[in-house]
Amino acid sequence: MQDVPVLFWSEDVATPRLVQEGEGEARVGLILSPDSGIGEVKDHSSPQNSFLPSPEVVPIASSFLLAMLQLWKVVRPARQLELHRLILLLIGFSLVSMGFLAYYVSTSPKAKEPLPLPLGDCGSSGAAGPARPPVPPRPPRPPETTRTEPVVLVFVESAYSQLGQEIVAILESSRFRYSTELAPGRGDMPTLTDDGHGRYVLVIYENLLKYVNLDSWSRELLDRYCVEYGVGIIGFFRAHEHSLLSAQLKGFPLFLHSNLGLRDYQVNPSAPLLHLTRPSRLEPGPLPGDDWTIFQSNHSTYEPVLLASHRTAELPVSGPGLRRARLPTVVQDLGLHDGIQRVLFGHGLSFWLHKLVFVDAVAYLTGKRLCLDLDRYILVDIDDIFVGKEGTRMKVADVEALLTTQSKLRTLVPNFTFNLGFSGKFYHTGTEEEDAGDDMLLKHRREFWWFPHMWSHMQPHLFHNRSVLADQMRLNKQFALFSFCGGTPPSLPSTPQTSPGPGESLCHSQEHGIPTDLGYAVAPHHSGVYPIHTQLYEAWKSVWGIQVTSTEEYPHLRPARYRRGFIHNGIMVLPRQTCGLFTHTIFYNEYPGGSRELDRSIRGGELFLTVLLNPISVFMTHLSNYGNDRLGLYTFESLVRFLQCWTRLRLQTLPPVPLARKYFELFPQERNPLWQNPCDDKRHKDIWSKEKTCDRLPKFLIVGPQKTGTTAVHFFLSLHPAVTSNFPSPSTFEEIQFFNGPNYHKGIDWYMDFFPVPSNASTDFLFEKSATYFDSEVVPRRGAALLPRAKIITVLTNPADRAYSWYQHQRAHGDPVALNYTFYQVISASSQAPLVLRSLQSRCLVPGYYSTHLQRWLTYYPSGQLLIVDGQELRINPATSMETIQKFLGITPFLNYTRTLRFDEDKGFWCQGLEGGKTRCLGKSKGRRYPDMDTESRLFLTDFFRNHNLELSKLLIRLGQPAPLWLREELQHSSVG
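Per our numbering, the sequence shown starts with residue 135, numbered consecutively.
It should be emphasised that the hints constitute simulated quantities derived from the structure, not laboratory data. The reader is advised that the hints may include incorrect statements.
[As the list claims (entries may be wrong)] Label-pair distances were calculated between CB atoms; the ranges are: (1) PRO422 / GLU315: 47 to 57 Å; (2) SER1087 / TRP486: 49 to 59 Å; (3) ASP507 / GLY998: 35 to 45 Å; (4) GLN1095 / LEU379: 57 to 67 Å; (5) LEU379 / PRO422: 12 to 22 Å; (6) HIS879 / LYS577: 21 to 31 Å; (7) GLY1057 / SER1087: 28 to 38 Å; (8) HIS578 / LEU546: 14 to 24 Å; (9) GLY1057 / ALA303: 48 to 58 Å; (10) ASP820 / PRO726: 19 to 29 Å.
[To be verified] List time: in silico SDA-like cross-link candidates among lysine to any residue, alpha-carbon distance up to 20 Å: (11) LYS1041 / ARG1063; (12) LYS675 / GLN612; (13) LYS826 / VAL602; (14) LYS833 / SER893; (15) LYS344 / GLY482; (16) LYS502 / ARG784; (17) LYS384 / ARG358; (18) LYS816 / HIS690; (19) LYS880 / HIS598; (20) LYS1041 / LEU1023; (21) LYS826 / ASP883; (22) LYS502 / ARG281; (23) LYS1041 / PRO996; (24) LYS833 / ILE1002; (25) LYS384 / THR325; (26) LYS523 / MET592; (27) LYS675 / HIS598.
All values reported here derive from a predicted model rather than from experimental measurement. For every residue, glycine included, the Cβ atom is placed at its ideal position computed from N, Cα and C.
Based on the sequences and whatever the hints tell you, model everything.
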């Protein structure tokens, strides 16, 4: 038997020694026991100690024993220490060992899985026979374009039904106008016409059975409307567990077979409604769910659109031609049965192809009035070039793959070019391989488009000083032009702002030559783009000459279908879309939710729908998405190929400036921004300067109209210690006139500068008075967006008196039209009168359409936030009116205006009472006396405003607000007359 070394201790337990098995009789071992302190020496030769090492003990490797001997020499001086100190030493040794192990594991090369290949097939011809060439889409029937509004009427089961929300989401994404109604069971059909004009161009039923089972009167009414106005119907049949397996659709030569499991779908190339949809070869695989409905009919009016096969050889229902047949899941009713064209779906919209066909159905049934064009423009931004931690950046092979994929995509998408955003400070901050990737990008810089981020990838809203922000941009610009490691390139003049920092040196050798003339920039984290950071826009223009940027934050990040563009300070802002790729999504098999989630987004999911429903898509990706598994390349090549398989879309790419011009040609209504309160959205607040505060926004607005007493209300409220008005404007005096004119485009920073920071935001009341707001078409929407909780105060007087007062106001200010024409000539001017005369007439009459303007305000503000002040009462007894206003606003402390105000006989109006019987009144232009209105004009205006006053009376009744004294008098005179 071979001798094996065994570890023992000598009897004095001083030094462990290595002995060979069989060497000596007395073998001693060291054991630990609860009773023996550090250790106890036991005689192995004693029978009662047979548990100690013996010839049968498991041998220990010699190398490990030697290591333990060395360790013992280290710990020997500690043998007299307490047990817990020795244990701590052993724990420390274990932690160090674990650290070495972790380092070894993290630095060892990972077994890299094969890169995912782009999805490129267009289905299989397996069971479908030879592929047929696509049939050009048939032209839709001529619509009654002049007799219906381009609005869709959607009957939903409830406000929260899933299918109803999916229908609305597609309509909203397509920017189609719609109106939703709860599907009536009996009666309650909404009004369909106005004076012989149809309100709706299309009707959609979330539940087809609600249409089929309408009571006879409602059904006849709706069908007659559809026939007369050429309106089509889209209906969805959703089977449930209690649905009949086979039934005839009531009133139609159409049979339904429900609760089926289907597979292997295909588009019928002969379907007339196809527009965006490209008939592809059969797509194998099961359809989601087992609750499908298929349609069967022998009537020529029904044309199948989508077909599928049953999953099993035998169907649960029998019928001629059903077995081994292609079964329609969507059919088009050509209108040959009853004159109404319809499209019927045997399932909801959870199946992606139904969404595509649904969009085509809307286009066909509306005669392409609600139709998406075939052109799609896509721009793929790669943010954060040179930015990223080691292990996530691009290497040489990744850059080569980027170039290869770009070349392939250009064969499918004309002019396709990746758009690279860079921050120069992080150049060459990766591993050696990644730095070589940086160099490879610069070597092929002319193959890509380039746009700047910030030099150090800082968020612009953190820079309050514009010059510092501009200096950061100049550093990035200098990097783009030169090999810049710090300091100022030799060809550029040195400035204090760009001098080298500590430890930096100047690289003299090579020019980077990155193109900088694209006119496009993106701020890190979209900071400063929206909410607006004025310094960013100014610095962009001065340093880079930027014309276009993009953001995902306007008006909000979610839902994505609401994202829009706008123009500010001459810079066009495009909506930016996400594609499911973020800085942390770098491995296919580690994609959140699994790789199937990414593929599902590409193959008919969110990413597919983004391109389908948006004519222009600017996609955000990151540098890390093009290293490692190169998910960026996989995603967009797969997406483009899938779009070409299933749609007729014409994909193309434009540089940012032409792309932005195209966007605002398509959507000119989006040129004007809609400012919102940054504090109402956490994401917005996070990228808004900490030096700004929403407390400087007003709590209520006095909106007019002009010449009704609003200036007096402004003056009286300013006497209250808890109420503060805006600072005066150098051009418009006490009125800012922000929401209704060019000042609006200056942004909310400009607006808030007119208000002080309140000493107590909860008790202090800031307010603004602009009398031109009342009759403006844009102010209520703009006001509600920025000040959704603000109270609105309006003062109404007799509209005839208001018109006369405005005429006299214009005469007092030397208006030549008012001076050259009598009041009656102004108000009775015909449509052929000179433009300047009709303009003055409009300013006299239109603000008096009180009910029309109030309805517009009530569209955006709840009635509880609107107060209508009686202008006649304000003139006679202002203390009563001010008491009402204080209660409405909830102001404390309560100011007694009976003691505060005093009537000034000389002025002829109420003023602030001062000590010694003195008063402080409004300016000389207020309270001006002028001749009474002539009788002819009074009669004309009484008749002219009669219907408007009647509508105002009805509105006040609905609102539960009392009618002003002047309105009651006018209506009494009208009834007597």
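Status of each hint after checking the structure:
{"no.": "1", "hint": "PRO422 / GLU315: 47 to 57 Å", "in the structure": "violated, 29 Å"}
{"no.": "2", "hint": "SER1087 / TRP486: 49 to 59 Å", "in the structure": "holds, 54 Å"}
{"no.": "3", "hint": "ASP507 / GLY998: 35 to 45 Å", "in the structure": "holds, 44 Å"}
{"no.": "4", "hint": "GLN1095 / LEU379: 57 to 67 Å", "in the structure": "holds, 59 Å"}
{"no.": "5", "hint": "LEU379 / PRO422: 12 to 22 Å", "in the structure": "holds, 20 Å"}
{"no.": "6", "hint": "HIS879 / LYS577: 21 to 31 Å", "in the structure": "violated, 43 Å"}
{"no.": "7", "hint": "GLY1057 / SER1087: 28 to 38 Å", "in the structure": "holds, 35 Å"}
{"no.": "8", "hint": "HIS578 / LEU546: 14 to 24 Å", "in the structure": "holds, 21 Å"}
{"no.": "9", "hint": "GLY1057 / ALA303: 48 to 58 Å", "in the structure": "holds, 55 Å"}
{"no.": "10", "hint": "ASP820 / PRO726: 19 to 29 Å", "in the structure": "holds, 22 Å"}
{"no.": "11", "hint": "LYS1041 / ARG1063", "in the structure": "holds, 9 Å"}
{"no.": "12", "hint": "LYS675 / GLN612", "in the structure": "holds, 16 Å"}
{"no.": "13", "hint": "LYS826 / VAL602", "in the structure": "holds, 18 Å"}
{"no.": "14", "hint": "LYS833 / SER893", "in the structure": "holds, 14 Å"}
{"no.": "15", "hint": "LYS344 / GLY482", "in the structure": "holds, 15 Å"}
{"no.": "16", "hint": "LYS502 / ARG784", "in the structure": "holds, 18 Å"}
{"no.": "17", "hint": "LYS384 / ARG358", "in the structure": "holds, 18 Å"}
{"no.": "18", "hint": "LYS816 / HIS690", "in the structure": "holds, 10 Å"}
{"no.": "19", "hint": "LYS880 / HIS598", "in the structure": "holds, 17 Å"}
{"no.": "20", "hint": "LYS1041 / LEU1023", "in the structure": "violated, 29 Å"}
{"no.": "21", "hint": "LYS826 / ASP883", "in the structure": "holds, 8 Å"}
{"no.": "22", "hint": "LYS502 / ARG281", "in the structure": "holds, 15 Å"}
{"no.": "23", "hint": "LYS1041 / PRO996", "in the structure": "violated, 38 Å"}
{"no.": "24", "hint": "LYS833 / ILE1002", "in the structure": "holds, 17 Å"}
{"no.": "25", "hint": "LYS384 / THR325", "in the structure": "violated, 25 Å"}
{"no.": "26", "hint": "LYS523 / MET592", "in the structure": "holds, 16 Å"}
{"no.": "27", "hint": "LYS675 / HIS598", "in the structure": "holds, 17 Å"}
The earlier numbered hints that this structure contradicts are 1, 6, 20, 23, 25.
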